[in-house]
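Below, each chain spelled out in residue letters.
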Amino acid sequence: MKVEPDQKVRINVKVNGVLHEAEVEPRKLLVDFLRDDLGLTGTKVGCDTTTCGACTILLDGRSVKSCTLLAVQAHGREITTIEGLSSDSKLSPVQEAFKDNFALQCGFCTAGMIVQATFLLSQKKDMTEEEIRDSIHGNICRCTGYQNIVNAIMDASRRMKA
Amino acid sequence: MSYSGKSVKRLYDDKFVTGRSTYVDDLKINALYAAFVRSNYAHAVIKRVHKEDALKMSGVVTVYTGEELNRVIKEGIGPWTTYIDPRPWKIPKWRFAQGEVKYAGEPVAVVLATDKYRARDAAEAITVDYEPVDAVVSMEEAKKDKVLVHKELGTNYGYKNDFVAGNPEKALESADHRKKVEIGNRRLIPSPMEPRGIVASYDGSNLSVWYSTQIPHFARAEFSRIFGIPQSRIRVVMPDVGGGFGSKAHIIPEELAVIASSMMLGKPVRWTATRTEEMMATNSRHNVFRGEIGFNNDGTLVAINGTLEVELGAYLTYTEGIQPTIIPLMIPGPYRVRDLKIESRAIYTNTIPITMYRGASRPEATFIIERLMSTVADELKLDDVTVRERNLVREDQMPYTNPFGLKYDTGDYLTLLREGVKILEYNSMKEWARKEREKGKRVGVGLAYYLEICGFGPWEYAETRVTEDGGVIVAIGGTPHGQGTETAIAQLVADELQVPIERVKVIWGDSDAIPAGTGTYGSRTVSIAGSAAVTASRQVLEKMRRVAARAMKADVEEIEYKNGEFVHKREGKKMRWEEVSRLGYSGKEPGLSASVTLEGDVTFPYGIHMAIVEVDEYGMARVKEYRAYDDIGRVINPALAEGQIHGGGTQAVGQSLYELAVINENGQLAVTYADYYVPTAVESPKFKSYFAEKYHPSPYLTKTKGVGEAALIVGPAAIVRALEDATGGKFDFTPVIPEEILKKMK
Amino acid sequence: MVRIPFKRLFLIIKMYPPQVGYFRPESLGEALEFLEREEAKVLAGGQSLIPMLKLRVLRPKYLVDIGGLKELSYIKEGDTISIGATTRHFELASRRIRGLEILQEAASKVGDVQVRNVGTIGGSVCNADPAADYPAVLTALDATMKVRSKKGTREVKAHDFFKGPFSVDLNPGEVLEEIRIPRLEGYSQTYRKVVRRAGDFALAGLALAIKLDSGVVKDVRIAFTGVSQGPHRAKEAEKVLRDSKLTKDVIKRASEASTSGANPPSDSRGSSWYRLEVMKRLLQTSLEVMANES
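Each protein sequence line maps, in turn, to chains X, G and E.
Each residue of the first sequence is one higher than the last, beginning at 0 in numbering that gives the first Met the number 0.
Each residue of the second sequence is one higher than the last, beginning at 0 in numbering that gives the first Met the number 0.
Each residue of the third sequence is one higher than the last, beginning at 0 in numbering that gives the first Met the number 0.
Any given hint could turn out to be false.
What the hints assert, rightly or not - Calculated cross-link-like contacts (lysine-lysine; reagent style DSS-like; alpha-carbon spacing at most 27 Å):
1. X:160 / G:8
2. E:60 / G:438
3. X:1 / E:150
4. X:89 / G:685
5. E:150 / G:55
6. G:55 / X:98
7. G:46 / X:98
8. G:440 / E:69
9. E:279 / G:623
10. X:1 / E:247
11. G:8 / X:124
Unchecked claim - Not the full set, but computed from the structure, chain G residues with beta-carbon under 7 Å of chain X:
12. 25
13. 174
14. 176
15. 241
16. 273
17. 642
18. 686
19. 727
20. 728
What the hints assert, rightly or not - Now the stretches of chain G that chain E is said to cover, found in silico as 3 or more residues with beta-carbon under 8 Å:
21. 114-125
22. 655-669
Worth flagging that the hints you see were computed from the coordinates, not collected in a lab.
Please read all numbers here as calculations on a predicted model, not as lab measurements.
Even for Gly, the Cβ is constructed at its ideal location relative to N, Cα and C.
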C-alpha cells in the first residue's frame with residue numbers, strides 16, 4: 000500500500016463488529032476517523048500529548064490511545080469503542096459497576112476509563128487496588144479522585160466472576 | 000418515602016457509560032472550523048499579518064484579524080458585576096488583539112476553514128510581523144511600574160484597597176510575640192478534562208451558541224452587551240460539560256471571535272480548544288501574602304498586618320476580580336482575631352490572564368490563615384489542635400460578625416474540631432507517624448481547619464411543571480456539570496411531591512428552555528437551585544390541591560395530600576396523583592406549573608481535614624490518605640457529597656505537590672499536559688469522608704450549605720502541614736516541589 | 000508519549016499531523032527498497048513519532064509503516080538475547096528472561112498500559128529521548144544494534160548508537176532491525192526510575208547490573224537516563240565499585256562518583272542540581288538493597 004501525501008487512502012476497519020470502508024488522508028488520526036467520519040463521538044479527545052487516555056479504544060483487543068495512531072494504521076484491524084461495549088441496551092459489568100459506585104462525575108474521562116478497565120479485566124480478573132491504580136495511570140480523571148473508579152473496577156471484577 | 004439523605008444513584012449516567020454523552024465537540028453540526036494564530040511574544044506591536052498564502056489554501060474560507068472582528072465585538076470582556084464592583088478597578092479594554100499583543104499566546108488572527116486539519120494548516124501558513132516591546136512577566140517587576148502592560152492605565156496596579164479592622168498596629172505592639180510571614184500559592188491550571196469549546200450560529204436575527212460553560216445565562220448577558228444583541232435574541236446552550244471548576248465561567252477572545260465570525264459569515268462556526276489552548280485559556284491562583292502577625296503566649300492570634308498581592312495576567316477576566324476582594328474578608332476564617340489590615344493589590348503582567356478556580360479566594364485565604372495558625376503553634380511549641388481551640392469563634396458568639404462584617408450563620412466550630420480530631424484519629428495517627436519516623440521512614444500527619452463562605456446569592460430560578468400524565472419536569476437555573484446535583488435536586492423534589500424519583504426529570508443549561516438562571520459555582524446549587532425547585536414544587540402541589548378540591552367539591556383546607564393521593568379528610572374520598580394531573584389541564588385555570596426566582600444569601604460550612612504524607616529519599620511526596628470531617632449542613636446525597644471531597648481533595652494534592660504553571664522569562668507558558676502534573680490514580684490518596692450528623696443548617700429551605708469546594712479550600716494547608724511533619728521543614732508556598740523538599744529534608 | 004524539548008515548549012497547538020504520504024511494506028526488504036528511494040520516516044508503533052508529527056516537529060514526505068511486519072517482532076533466547084525492533088513493550092514486560100530480568104523491569108515502566116500495548120522497543124530506541132528507559136539499559140548492558148539497509152547490515156554498540164538527544168546513528172535508508180543483548184547470568188539487575196508523576200518520563204533513571212563473588216564486586220554496569228544528552232554510563236562509579244566490597248563507604252563513594260561526566264538539564268521536572276542529587280541517591284539506594292540481598 001502506497002499513498003502520496005496529497006492523496007487519500009481506502010481503508011477497511013471493523014468497528015464494533017461492523018466493517019467500514021472509508022477514504023482518509025494518511026495523516027488523519029484514528030480518533031478523528033472514529034469521531035468525525037463514523038460519528039462515534041463516545042471516544043473523547045482530552046489532550047494532545049498522549050497523556051490523558053480519554054481516547055482509549057480497543058485495537059485487536061488491546062487498549063490503545065486513538066489520538067496517537069493514524070487511521071490508516073488500523074487498516075485491516077478490529078476496533079471496539081465505548082459504543083461497542085454494551086449490546087441490546089444491556090450494560091456491561093464494567094459499565095454497571097461505574098454507575099453503581101459513583102465512579103464518574105463530569106463523564107468526560109469515563110469512556111476511556113471504562114474501555115481501559117475492560118481491557119485490564121480481560122487480562123487479569125483479580126487485581127489488587129495497587130495494581131489497578133498502576134494500570135489506569137494513563138487515564139486522567141479530574142473530578143472523582145479515582146477512589147470510586149478503583150472501587151468500580153474491583154466491583155466489576157467480582158461481577159464478572161459471579 | 001424519603002430520598003433525601005440517601006445515596007441515590009445518579010439519574011443520568013447511562014449516556015456517559017455508553018458513549019452517548021454530548022459535549023460541545025460531539026455536536027454534529029455542519030460548521031466551519033476556527034483555528035487561531037497566536038503571539039509568541041509577551042508584548043509586541045503587530046505590524047502586519049500575512050494572510051495571502053493561507054487564503055490560497057483549499058478549504059480556507061477566510062482569515063480575520065482584530066481589524067475585522069472588532070467591528071462586531073463592540074464591547075470588551077469585563078468583570079462579573081454581579082459579584083465585582085468595577086468602580087475601584089482600572090480595567091483595560093479587552094477585545095480581540097488589534098495593533099498590539101499583551102501576552103504570549105494571545106490570538107492575533109482566526110482562520111475559518113471547512114476542515115479542522117486544513118484550518119490548522121492555514122494557521123501555520125500565516126506569518127505575523129511583530130515589533131517586540133518591553134514586557135513585564137513577573138509580578139515583582141510589574142510592581143515597580145517601570146514597564147507598563149497597559150500604558151493608558153498609567154500603572155500595573157489594577158486594584159488597590161486596604162481592608163482594615165480594629166487597630167492592627169496597636170495590637171501588634173501589645174502582643175507577646177511578633178513574627179514576619181510570607182505565604183502564597185503559585186500559578187496553576189484548573190484543567191477540566193473537557194477542553195473548552197463553542198459553536199456559534201447566527202441566522203440574521205437570532206444568535207445561538209452551544210458553549211462549554213458553567214454560566215449560560217450570564218454568558219448570554221455578556222454576549223448581549225458585547226455584540227449589542229438583545230438578550231431575548233440570544234440562546235446559549237450548555238451541552239454536557241466536562242468539568243469546570245470555575246474555569247468555565249469566563250469568556251475569552253477566541254470565543255468572541257467564533258461568534259463574530261459566524262455573524263460576519265452567516266454560517267455556523269465551531270472551535271474546540273486543544274489541551275494546550277485550554278491550558279492557555281485558564282490559569283489560576285498566584286497570590287502572595289507578606290506581613291506580620293502578633294500572638295500571645297496562650298496561642299491566641301491577635302493581629303494580622305500585611306499586603307496581599309494577586310496577579311491578574313494581561314487582562315481582567317470575568318472572574319479574577321473576586322480574588323483580591325474576597326481573600327481579605329476570609330483571612331480571619333473561623334478565628335476570633337479582630338485586628339487586621341490587609342492591603343489588597345491586584346497587578347497586571349504580560350502573561351496569560353488569570354481566572355478563578357474551585358474555591359476562588361477561599362483556598363487562598365484558608366491557606367494563609369491556616370499557615371498562620373501553624374506558625375503560631377510552631378513558635379510556641381503548641382500542637383495544632385490546641386492553637387485552634389484557643390482561637391476558634393465560640394458557639395455562644397454565633398451568629399458571629401467577622402471583623403470585616405461577614406455574618407457567619409450557624410455552627411459550633413469548637414465541637415466540630417474536637418469531634419473531628421476523634422473521628423479522623425488525628426492523635427493516634429500523629430503518634431503512629433512519629434514511631435514510623437523513628438524507624439527511619441519519612442511520614443507525617445497534618446490537619447487544617449476551614450470556614451468557607453459559599454452560596455453567593457443573589458438569586459436562582461426554578462420551574463416545576465407537572466405534566467398531564469403525572470410526570471414532573473424541574474427546570475433549574477443551576478447548571479450541574481459533573482457534580483450530580485441534578486440527582487440531589489430530584490431527590491428534594493420527589494420528597495416534596497411525594498412521588499417516585501423516576502417521575503422527576505431535571506433539566507438545565509438551555510437559556511431558551513430555562514429563561515433565567517445564574518449557574519453552578521461557589522458550592523451553591525443544591526442550596527439555592529434546590530430551594531428554588533422545592534419552592535416551585537410546593538406551589539404546584541398547592542395548585543393540585545385546589546384542582547382536587549374542585550373535583551371533590553371540597554374546600555382546599557379539607558384536602559390532604561399524602562404519598563400520591565389527595566384525600567378528602569372528612570369524607571375519605573381519594574384521588575390519585577395521575578387523575579389530578581390530568582384534571583389540572585382541563586377546566587378553569589389549566590396548567591400545573593410554577594416558577595420562582597428565589598433570593599439567596601451566603602452561608603458558611605466548615606470542617607477539619609487531615610492528610611497523611613510520605614516522602615521518599617528523593618524528596619518525592621505522596622499523600623497516602625486524606626480524611627475529612629465536615630459540617631456542610633443537611634446532606635441530601637452522601638455519596639455525591641463524598642465525591643466532592645474526593646475530587647476536591649485530589650485537586651488539593653495537585654495544588655500542594657504537583658501542579659505548577661511555569662511561565663518562562665519570555666512570558667510563555669512552559670509546560671504541556673505531559674509535564675503539567677495533574678495527579679493520576681497513583682498520586683491520589685485513599686479517602687475517608689465523614690459529615691457531622693448533628694449538622695448546623697443554613698438559612699436555605701434545604702438546610703444545606705455546600706461541599707463542592709471544601710477539600711480544595713482546606714486541603715493544601717493540611718497536606719503542607721503533613722509534609723512539614725514528615726520532613727521537619729517549613730513550607731509556605733504551593734506547590735512544594737520535590738527539590739524544595741529535598742533541601743529541607745532532615 | 001512525547002516529551003517536548005524545553006525550548007520548544009511554547010505554542011504546541013498544532014494537534015494534527017501535516018500532510019504526509021504512507022507506505023505499508025509487505026516485508027522488510029520492501030521497506031528498505033522504499034527507504035532507499037524516498038525521503039521517509041519509519042513508523043513502528045508510533046507512540047513517539049505520531050506525537051512528533053502532531054506537533055509538526057517532524058515533516059517527512061512518507062511514513063513507512065513497519066509496525067505490522069511479523070518478521071521484526073520476536074524475542075530469541077540464546078547466550079545473546081535477540082529482540083526484533085517492532086517487539087511491543089507489553090511483550091517484553093510480560094516475559095521474564097533469565098539473565099536479563101532488567102529488561103522486563105524497564106519495559107514495564109515505559110509510559111502507561113496503552114502506550115506499552117502498541118509502542119515498540121525499536122521505536123523508543125530510535126527516538127532516543129534523553130529521558131527514555133531503554134537507552135540506559137542497553138548502554139549498561141553493552142547491547143548491539145543491528146542496522147539494515149539495502150546495502151547490507153552493520154552493527155553498532157549502544158554506546159555509539161545514542162549520539163545525542165533524539166539523535167541516533169542511523170543513516171538515510173537504514174532501519175534498526177534487531178537489538179542484541181548479552182545474557183548476564185549471576186548478575187543482580189535493576190532498573191529504577193524516579194518520576195514526578197506516574198507515566199512520566201524519567202527525571203532520572205538508573206540501570207544497574209552487578210556481579211558479586213563472596214561479597215566482592217566482580218563486574219558492574221551503571222547507566223543513567225534523564226541526566227545528560229543521552230544515556231550516561233557512570234564509568235567512574237563502576238571503577239570505585241570494581242573489586243570492592245559493598246561497604247557503606249564504598250557505596251557512598253560510588254554514588255558521589257556517579258555524577259562525574261553527567262550534564263543534567265534543568266526543566267519542568269527539576270533542576271540540574273536536583274537531578275544530580277537524585278542520581279546519587281538512586282545509586283546509593285539500589286546498591287544498599289543489593290548489598291543487603293547478597
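Evaluation of the provided hints:
no.: 1; hint: X:160 / G:8; verdict: holds, 24 Å
no.: 2; hint: E:60 / G:438; verdict: violated, 60 Å
no.: 3; hint: X:1 / E:150; verdict: holds, 23 Å
no.: 4; hint: X:89 / G:685; verdict: violated, 32 Å
no.: 5; hint: E:150 / G:55; verdict: violated, 43 Å
no.: 6; hint: G:55 / X:98; verdict: violated, 51 Å
no.: 7; hint: G:46 / X:98; verdict: violated, 55 Å
no.: 8; hint: G:440 / E:69; verdict: violated, 49 Å
no.: 9; hint: E:279 / G:623; verdict: holds, 26 Å
no.: 10; hint: X:1 / E:247; verdict: violated, 61 Å
no.: 11; hint: G:8 / X:124; verdict: holds, 26 Å
no.: 12; hint: 25; verdict: holds, 4 Å
no.: 13; hint: 174; verdict: violated, 40 Å
no.: 14; hint: 176; verdict: violated, 39 Å
no.: 15; hint: 241; verdict: holds, 3 Å
no.: 16; hint: 273; verdict: holds, 5 Å
no.: 17; hint: 642; verdict: holds, 6 Å
no.: 18; hint: 686; verdict: holds, 5 Å
no.: 19; hint: 727; verdict: violated, 28 Å
no.: 20; hint: 728; verdict: violated, 26 Å
no.: 21; hint: 114-125; verdict: holds (count 5)
no.: 22; hint: 655-669; verdict: holds (count 8)
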